[in-house]
Structure formats: structure tokens, C-alpha cells
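Starting from the structure of chain A, add chain B where the hints point.
Protein chains: 2
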Amino acid sequence: MAGVAVLHGACMIVLAVDCMGGDHGVKVTLPACQRFLERYPDARLLLVGQAEALAGFAHERARVVPATEVVAMDDAVEVALRKKKDSSMRVAIQQVKDGAAQAAVSAGNTGALMAIARYLLKTLEGIERPAIATQLPNAKGAATTVLDLGANVDCTAEHLLQFAVMGSALVSVLKNDGQPTVGLLNIGEEAIKGSDEIKRAGELLRAAAGSGDLNFIGNVEGNDIFKGAADIVVCDGFVGNVALKTSEGLASMIVGFLKEEFSRGIFTKFAAIVAYPVLKALQRRMDHRRYNGAALLGLRGLVFKSHGSADAVAFEQALRRAYDAASNQLLDRVRERIAHAAPLLADSAPTPLAQPLPA
Amino acid sequence: MAGVAVLHGACMIVLAVDCMGGDHGVKVTLPACQRFLERYPDARLLLVGQAEALAGFAHERARVVPATEVVAMDDAVEVALRKKKDSSMRVAIQQVKDGAAQAAVSAGNTGALMAIARYLLKTLEGIERPAIATQLPNAKGAATTVLDLGANVDCTAEHLLQFAVMGSALVSVLKNDGQPTVGLLNIGEEAIKGSDEIKRAGELLRAAAGSGDLNFIGNVEGNDIFKGAADIVVCDGFVGNVALKTSEGLASMIVGFLKEEFSRGIFTKFAAIVAYPVLKALQRRMDHRRYNGAALLGLRGLVFKSHGSADAVAFEQALRRAYDAASNQLLDRVRERIAHAAPLLADSAPTPLAQPLPA
Numbered sequence: 095m096a097g098v099a100v101l102h103g104a105c106m107i108v109l110a111v112d113c114m115g116g117d118h119g120v121k122v123t124l125p126a127c128q129r130f131l132e133r134y135p136d137a138r139l140l141l142v143g144q145a146e147a148l149a150g151f152a153h154e155r156a157r158v159v160p161a162t163e164v165v166a167m168d169d170a171v172e173v174a175l176r177k178k179k180d181s182s183m184r185v186a187i188q189q190v191k192d193g194a195a196q197a198a199v200s201a202g203n204t205g206a207l208m209a210i211a212r213y214l215l216k217t218l219e220g221i222e223r224p225a226i227a228t229q230l231p232n233a234k235g236a237a238t239t240v241l242d243l244g245a246n247v248d249c250t251a252e253h254l255l256q257f258a259v260m261g262s263a264l265v266s267v268l269k270n271d272g273q274p275t276v277g278l279l280n281i282g283e284e285a286i287k288g289s290d291e292i293k294r295a296g297e298l299l300r301a302a303a304g305s306g307d308l309n310f311i312g313n314v315e316g317n318d319i320f321k322g323a324a325d326i327v328v329c330d331g332f333v334g335n336v337a338l339k340t341s342e343g344l345a346s347m348i349v350g351f352l353k354e355e356f357s358r359g360i361f362t363k364f365a366a367i368v369a370y371p372v373l374k375a376l377q378r379r380m381d382h383r384r385y386n387g388a389a390l391l392g393l394r395g396l397v398f399k400s401h402g403s404a405d406a407v408a409f410e411q412a413l414r415r416a417y418d419a420a421s422n423q424l425l426d427r428v429r430e431r432i433a434h435a436a437p438l439l440a441d442s443a444p445t446p447l448a449q450p451l452p453a
Numbered sequence: 095m096a097g098v099a100v101l102h103g104a105c106m107i108v109l110a111v112d113c114m115g116g117d118h119g120v121k122v123t124l125p126a127c128q129r130f131l132e133r134y135p136d137a138r139l140l141l142v143g144q145a146e147a148l149a150g151f152a153h154e155r156a157r158v159v160p161a162t163e164v165v166a167m168d169d170a171v172e173v174a175l176r177k178k179k180d181s182s183m184r185v186a187i188q189q190v191k192d193g194a195a196q197a198a199v200s201a202g203n204t205g206a207l208m209a210i211a212r213y214l215l216k217t218l219e220g221i222e223r224p225a226i227a228t229q230l231p232n233a234k235g236a237a238t239t240v241l242d243l244g245a246n247v248d249c250t251a252e253h254l255l256q257f258a259v260m261g262s263a264l265v266s267v268l269k270n271d272g273q274p275t276v277g278l279l280n281i282g283e284e285a286i287k288g289s290d291e292i293k294r295a296g297e298l299l300r301a302a303a304g305s306g307d308l309n310f311i312g313n314v315e316g317n318d319i320f321k322g323a324a325d326i327v328v329c330d331g332f333v334g335n336v337a338l339k340t341s342e343g344l345a346s347m348i349v350g351f352l353k354e355e356f357s358r359g360i361f362t363k364f365a366a367i368v369a370y371p372v373l374k375a376l377q378r379r380m381d382h383r384r385y386n387g388a389a390l391l392g393l394r395g396l397v398f399k400s401h402g403s404a405d406a407v408a409f410e411q412a413l414r415r416a417y418d419a420a421s422n423q424l425l426d427r428v429r430e431r432i433a434h435a436a437p438l439l440a441d442s443a444p445t446p447l448a449q450p451l452p453a
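Same order as they appear, the protein sequences are chains A and B. With our numbering applied, the first sequence corresponds to residues 95 to 453, in that order. With our numbering applied, the second sequence corresponds to residues 95 to 453, in that order.
Treat the hints as calculated values from the structure; they're not laboratory data. Any given hint could turn out to be false.
The list treats identical chains as one, so a pair stands whether inside a single copy or across any two.
BS3-like mimics (lysine-lysine), calculated; alpha carbons at most 27 angstroms apart, straight line [as the list claims (entries may be wrong)]:
1) K269 with K234
2) K177 with K353
3) K363 with K321
4) K216 with K234
5) K234 with K363
6) K374 with K234
Note that the coordinates shown come from a computational prediction; the quantities given were computed from them, not determined experimentally.
Here chain A stands alone, though its shape is the one from the complex:
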């Protein structure tokens, strides 16, 4: 990773962008890159994709890295990993592995991104499974970091402990808070609640708190995510994905309902005009684009995932997150934190579920 060190010495952050990924490809990624470059004068971008698609873009701090293939949103992981070896997604991650970029960003197929990232970059020592972490707004006006969000559908207690350690590292970097609070997502606050695996996770997390590796506050429930009861909420990927998407569905329903009600008649249309600043503030606060850009944690390199349906505003947000993580040495911080918790992670014996991805 000598390349990264040199770049960092020169105060430049280099991001590799999978320009072909997502539902909209270059129509979204290129305008986002343009705006990002304007805002961050110390950033460079490696635009990865098919040369003809990227031909129209020119910026002194951007360079095209050609890749002939594209991972489709519905490609099976196996196809993305084995058949499309020159995909824009893979070449972008390869830039991180080679030290040409400090982080990669893609709006492509989550499963493929995770598999390729894991195959090329490998997991950090002590981590069996990478996790996807994102931030959601909370009632305290801050953000709650939730992980995992879909990378792992069956998690053991040991995985949940690893997620807690990685999430703590992420938040301590982003919030500059040494001991962010961690909650275990459960269906009741009492330690006796939940499945056997969740109860065991609670024991491991309490042990980690006892040894000073985590600021574990106990079980939290679904409503605590938006209440902001903990800085970090840990759960398996199935549960996290459902919680996230259910929230998106509810938010859309509310927005749709407000639009419908405010356009019902002349009086309500007038009301909408009067209430516009408040509605605008609500929309801004609820705007999931502001929270776009999930971190793939636990890898030997930084990779960020944008929502597949992201528009340019949202994709730019994912670029910013990658930039923040890279400029704050997220990777080193995660590594340090894991090294510190190593005895604990080693104590927690591997289980039958802990199988590596095919690689």
C-alpha cells in the first residue's frame, strides 16, 4: 500500500468509482463525480468503466481506468465473481488492493460487491465476515449506525461481536468519540429475550464491555434505532435489511400521504404553500439520499456501497462518505480496534455457521 501512503503524504485522497454500477450507471455517477470534484479540491477520482461511456467526462483530477464488463443488478454472485473478471466493479476494488486508491465506491449489486471485495481484499485478522454498516437519522438529531444490513443472513454470536467492534471503530472515527455506545437489537430489553444465538451474543458483548473493548449498553428494540438510544445497533443482516427497508417503506408512505392530502383542494394547496418551509425541513431530514453510502467493514481496504437507485445527489453523498473514511484513516482505526479486541475475538470459538464465502 505504498501508493496510498505517498498520496496521503501529498494530502490527496484518491477514490476509485465504479461508474457503471447501479440502476442508472453513468447518467448518475458522472454528474455526481463532477460535483464531488468541485467540492473537494484535494480529491482525485479514478473513473472505472467502459471507455466509450466515460469519453465525455474530463476533469484534471479525474482519470479513466478502463473496464470492459459490467456487473448487472441481477447477476448471480457467482457470475459476477467468476465470469466477469474485467467488470468495472472488480477493477475499482482492484485499485484499492493495488494501493492506487484509498477507497472504492459502487452502486452495483450488493451481493456481488461484497463477494468481489472479500475475494480481492480479504478480511482483516480476527474478522470472519465483513458487514455492511449504514447510518439512519434519529430523534436526537444525530445518526444511528446499524450493521449488518444484508451481507450475512445467518449470524452467530461471534459475528455479532465482530460487528460491534467494527461498528465502534467506524463511529469513533466519524464522530471522533472514543467510546460510542453499542446496543444489541432484540425483541425486549431484558437479557432473557431472543433466540439462543442472541442471548449468547449478549453474553459476549457484556464480556467485551467488561474488558473495556466496547461501550455495550444492553439490548435495544426496533424503536430505539430512531430514538437514538445507542450510537451503534448490531443485528444480523436479515433483520437489519428488513428494518431498513420497512423504514423506507413507511417514510415513502408518509411522504405520499402528505402530498395527497395537501393537493386535495384549494384550501389544502394554500396550506401547503404556507407550510412549505416546514415540509421542506421534514423532507430534508427524511431524505434518505443524505444517508446514502454504506461502509463494507472488516476488509483490508475501504469499500462503500451506494443504493442502486441513487440519484446524483445521493451518489455524491456516498463519495463523500468514502472520502471522510479515507481521510480519517478508517482502515487503520478499525484494524487497531480489532487488534485490541483480539484476545476476546479469539476466545469466542468459531461455530458451524462460520463458513467463508466461496473464493
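Showing chain B alone in chain A's frame:
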């Protein structure tokens, strides 16, 4: 159940109410009972609880059934089941078992309610585990029925199939629609997504659709609950509980945010007055009290669970749901539907997870 038949012949619906349950006990349950009796002239109530707490209530269609004990919200299931044999919760369910009431309603501790209901009433033939089903508003202006919501934290594919059959019976009664649509909650629409258990559940549900027992439309995601993509969404109790509580948390955050923004200054206070009808409509549509009253399905008797923190409006809603279910012969409909699907349920072999509750 001769008592029920006679009562039904006389067009009376009798509900047994656990008046002591919930966070607020009689302060909430009695006013709710009063209003309910006023609205439903063909209903009778058995008010179960400590005689002194119920002494102030008098109505010609209400009768006190004394119970000396109360299940506390934090009582362990074991304590509620074995130590408090004269609890208001248990005596209320006993009324259903004895045929003195067609349904029981309680705002008490969910785990205790499920355990006692299961112990006293037993599960229906073909059902290994009862489930908790509730309705959530959707963008189509209708309701999505979700189950399970917390009764079962580890579910096999067979349990999910049973939930689908029971949920279909519930919705076909409530909506008078013979073939409501069923979706399997997953983290992607493709059949290859999710854990092995979820994939196997998908296979069982497809087989059930093939034999005409279910109108299964495939996998749905979290956002589809509020979109209204399926009439019934089936999931394990852990996932369902998290999805429900996460939604409650988000809804509270939005309401809190609107209050904060509208009270920020003189102009926004004016805006709030102008926008009042719309905000009122939003509040009404989002009001979780309107959706209070979850059905415990799969038992040989009707039991409804109110939110523990319910106020009188919400608790009355739970009474209404129990009334609707009883007057529409929900129990017979569920039983018929299960009998029809019996060959299918029998085909799906029991698995190691399928352990009965201690009884």
C-alpha cells in the same frame, strides 16, 4: 362450547376482558369497556380482575368475574403460568375455554399471555405454534396483516407455512376476500435470497399455492409492508417484532419532528394552524391506536392482545377487533382453512426446532 352457541343464537357476543393488564390497568380498561358497551348494544363483557378495583363500574351488560392475582408486565412466563393461577389474565382466558366468552382481550405481558393461552386452550390440529398477527396501514389505504410479531423467535419453514394459512383465514374473514395474497418477507425478491430456512419456506408456500390453499405471490421486502404489495406478510417473530417496532420508532420521530418544526416561530405556528386539517388527517392515518389489537392465531379459542401502553381509545379498538372476530366466526374459519390445508401441513415434516412450550 355449548355456551357460546347459545349466546350466538341469541345474537350476543361475550368478551372476557383482563381489566388488570397493561401499563395502566383499570384506569384504561374500564373507560374503554364503558365506551365499547355503548357502541355495541349486542355485546356483553366479563370484567375479570380484583373485585375492589372493579367495584366502581356498573353496566347492565357487564359482570365482574373475580381474580385475585395480576400478571406484572415484567413477570417471567414461568411465574405467570405456574405461580399466579388466579391471575386476571388466566381467568379471562379460562372464560373462553369454558365457553362463557367467545374471545378474551388482554393488554398484559405478551409472553405470559401466549403461554397461558396455549396452555389452557391448546393449539388447533395441524398447528405447532400459535402466532401473533396485527394489521399495519399501507399506501393503498388498506391494511397489511403481518405475522408473526414476537411469539416465535426461531421459526422453521413449516411454521411459516402454518402462519400463512392462519393469516389467510384471518384476512379472508376480516376483508371477506376468499383468496388474500400472501408474501414471504425476505431480503430480495428473487427466490434464491435469504437463509436456507426462508428458501425452504418459499418452496412450501409455492407448493401450497399450487394446490390452491394459498394465494402466494412470492418474496416481498420490508418496504412492501407499507406499500401494500401483499395482504399478508409472513415472517418469524423476531423479524416481525423488529419491523413493527422500527416503524413505530420512525413514526414517533416524524411526529416529534413536525411538532418541533411547527412550533419553532410565529410564522411556523401560523402555518401549523393553516395546515391543521392535513396534519390531523396524517395523525389519524398514522395513529397506531387505530391498529391496536393483535390476534393470537392457531389456538382453540380467540385471544386478542392489546399494546401494553394502550390508552382507552386503543384498548377499545382491541375490544372491537375481538368483537369482529367473534361475530364473524373467525375460529371456525381458521379451523376450516387449516383442515383444507391439512395434507400439506402434514407433508411438511416436523423439524428439531418444533418444540412445544413447557406446559
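Results for each hint:
1. K269 with K234: within (14 angstroms within a copy, 40 angstroms between copies)
2. K177 with K353: Neither, since 46 angstroms and 54 angstroms both go past 27 angstroms.
3. K363 with K321: For K363 and K321, the Cα distance is within 27 angstroms only across copies (25 angstroms; inside one copy 32 angstroms).
4. K216 with K234: Answer is neither: 36 angstroms inside a copy and 45 angstroms across each miss the 27 angstroms cutoff.
5. K234 with K363: between (31 angstroms within a copy, 22 angstroms between copies)
6. K374 with K234: Answer is both: 19 angstroms inside a copy and 24 angstroms across each meet the 27 angstroms cutoff.
The structure does not agree with the numbered hints 2, 4 stated previously, though it agrees with the rest.
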